[in-house]
Amino acid sequence: MHIRDAADVEAAVRAAIAREQPIEIIGHSSKRSIGHAMATNAVLDVSALNAVTCYEPNELIITVQAGAPLDDVLSLIDSKSQEFAFEPMDTALLLGARSGRGTVGGMIGAGLAGPRRIKAGGARDHLLGAHAVSGFGDSFKAGGRVVKNVTGYDLCKLLAGSWGTLAVMTEVTLKVMPKAETGRTLVLRGLDDVTANRAMTAALGSPYDVSGAAHAPHPALRAAARGALARLASRGHGATLLRLEGIVASVAHRATALAADLASFGMAELIEDAESAALWRDIRDVTPFAADGALGAWPVWRIVCPPASGGAFGQALARETGGEVIYDWGGGLLWAALPPSVDAHAVLLRQRLAAIGGHATLLRADEGTRRTVDVFHQQEKGVAALAERVRLSFDPKSILNRGRLTRTSIS
Amino acid sequence: MPIMMPASDQMVLNRRDAIVADLRAIVPGEGVIFSAAEMLPYESDALTAYRQPPMVVVLPETTEQVSRILKYCFDNGIKVVPRGSGTSLSGGALPLEDAVLLGLGKFKRIREIDLDNRVVVTEPGVTNLAISQAVAHAGFYYAPDPSSQIACSIGGNIAENSGGVHCLKYGMTTNNVLGCELVLMSGEILRIGGKAPEQAGYDLMGIITGSEGLLGVVTEVTVRILRKPETARALLVGFPQVEAAGECVARIIGAGIIPGGMEMMDKPAIHAAEAFVHADYPLDVEALLIIELDGPSIEVDELIKRVEAIALGCGSTTCRISGSEAERDLFWAGRKAAFPAVGRISPDYLCMDGTIPRGALPRALARIRDLGEKYGLGVANVFHAGDGNLHPLILYDANKPGEMDKAEAFGAEILRCCVELGGVLTGEHGVGIEKRDLMPHMFSEVDLNQQQRLKCAFDARGLLNPGKVFPTLHRCAELGRVHVHSGKLAFPDLPRF
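As given, the protein sequences belong to chains A and B, one line each in that order.
Following our numbering, the numbering of the first sequence begins with 1347 at its first residue and continues without gaps.
Following our numbering, the numbering of the second sequence begins with 82 at its first residue and continues without gaps.
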């Protein structure tokens, strides 16, 4: 069925319900390899819903259909010096996708944010409203077009990061933010993971409005085959990166003050404007773990934990598995590429993670591994039961992306 | 105007003495209140126009007690209304005649301050301001700052997803809460999220925040704290026309400047505030903006210059820049006292709360002015201009027959106007009972059914805070799809307020 509008999506979902035939929802398929193999044999392609419905730069909002190419939308808002402040990552390099960053709907459904997450929030914080079709086959709306809105339940929060298991989004309204005039990166060299974590914690607790804090140990950095991180690696040592953004005078002032505050961690190098931006794109997209790079055959985990615990956790994980780790968000987000094993080191990783309170997603792995390992973190029993009731309240017959989130639901 | 609430369950009311005894077995001592005189303070929240004594008030001190109370009520089919400090302005904590009022006021302990992870773990009865005060020594603060922050509890902030002046730049409660301990109506205790920046699975914390006490009872909260900006300075800018002030707001945002706060008052509000606090506000302007820039001094100084230039370009007739903390506080004093100030010029007022797109500000204000003439009532406007959150204060005299009804009708028209202009019914006060019956103006029945299905996932028996937010009660079993046959709804016996 050719999808032309929301009514077509509704008809397609209703037909699937009538046939009791689960459907897989796709846009550009850029994230299709994330999650479990789905128990579906039909595809609902929403990529034709690709219009920009409304863009009002002065209101800081944009409304687009869910199938709109993310690259196009980013170009459009960039033309007005605006951006999505949560820096949606480009998964193409990591997953080995051919080109393009997928659709806006996919971006929201995956809810993957970049390094500014710790300051600006994630995709969930920037989704103001949505139109979607539930697993009842009903078109419904959630939220609105204004930032300050507490009218009814905030269903948008649930849709962001739901991997298409609650509803088929047809149109979304997102908050956009002005781009910073300039950005600089302070680089500290040669810190071990725990010390780097301390430096990032100090920077993020400073009054200098740090908008990105990342650490790449040298072995991980060396895996970068190209780009700004590769250029850093060529000079030896791991790198701890701290980003400052804003107006020119302010960034210069804060860079000097922050470097002085962190002097006990070593002399900071300064990387300016374009090269700084390139560095953070590489961190965002985890280029050292690129599918066509030296670690391309290794499974990759996305790990989230309390930021101050990240350094010790990552260091131990790398040591015990022989893997490589990169820290984003000041340690709150770790990317781990681990040597192939039967379970991609899931048992070890999740045992260690349970002690500090966090969760892990197996973002890259072959299908065989994804059949035997829980890709998404298993929740405590009561929370999992509640989450399942929430899912059923949107999709009682499990028509949408059945089996993507949990191995158990395939059976 | 009497507002319809769910019919009382006479069977439950007949068992009141036994229920009180059972609750006292869970919460000993003075934690169960049931005399009419002692329950008086609980018969309304800050929306005092509506009052209803509860069946009984229970004030637990531990999560385990909350769990046992809820399980007891769940097993016995008794409704429960949760309550924090009672500062809600939309009637969210209004008791029901046949319900237990569950007060969280004894949960007053900050459990952990974790500066390394930049979080505070606290009990829900702690006030919003107390969190900032607890971390001030280390240079941190909790950003969302509802006007009632001196009194409102953080648990209530989560129920209402409260905002405030800082929300333009730093987000609302939902953007600053990482996790909670939640007790479901069944008594089950769950931990949602934690100190990590994201939680696994569906964003349950996101749906609990702003759910107005209908999904569960929060007994512990983890909030993120921010480092205090190095400095803050404010501009006081007056305009001869409201439209020019609105244009100024749009141009500031359009220039890529996100102030720490951007507030507007119209002429009646300016005059009332000035008479009350003597902030030296200009009295010859139609609109006054207070624009606060925060951050490193060098940045604030630069942005002040840019904002001043924008204001002049928009035709401002007065522009003062704070030169000291005392002067900045004075600029804000009038704004912060605007509500009580208006209370001095009118026997009563209704405070409305709708949000519109910023660009629609002049149209909204013109419409409010016209409606004031239509109803023959005065109105003063105080609002969060940066995010389009209006607070028209409708002036009336409750002692004059019919004036309160007129004021309420006027308020409803304003909120419908907000929706028509592309906005929403409530920006920060919540739906509660106040805007419950306006929900169909913003949401279709299908939209509302989806929200109510979600409610059923948390509270299948519909015992938690019924009669709030949704204009129609539903049994969870009927929410598969609404069938309208020959113009007749299914389950005609269910209350549709």
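Derived from the structure by calculation, the hints contain no laboratory data.
Source: prediction; values computed, not measured.
Just so you know, even glycine gets a beta-carbon here, dropped at the ideal spot from N, CA and C.
Some hints could be false.
Here's a subset of chain B near chain A, in silico, CB distances under 7 Å, partners left out [said to hold, decoys possible]:
1. Gly158
2. Gly287
3. Ser405
4. Thr436
5. Arg450
6. Leu452
7. Gly453
Structure-based check of all given hints:
1. Gly158: violated (20 Å)
2. Gly287: holds (3 Å)
3. Ser405: At about 20 Å, which exceeds the 7 Å cut-off, the nearest Cβ of chain A leaves the hint on B/Ser405 violated.
4. Thr436: holds (5 Å)
5. Arg450: Constraint on B/Arg450 not satisfied, violated at 22 Å.
6. Leu452: violated (20 Å)
7. Gly453: violated (23 Å)
Taken one by one, the earlier hints fail for this structure at numbers 1, 3, 5, 6 and 7, listed in ascending order.
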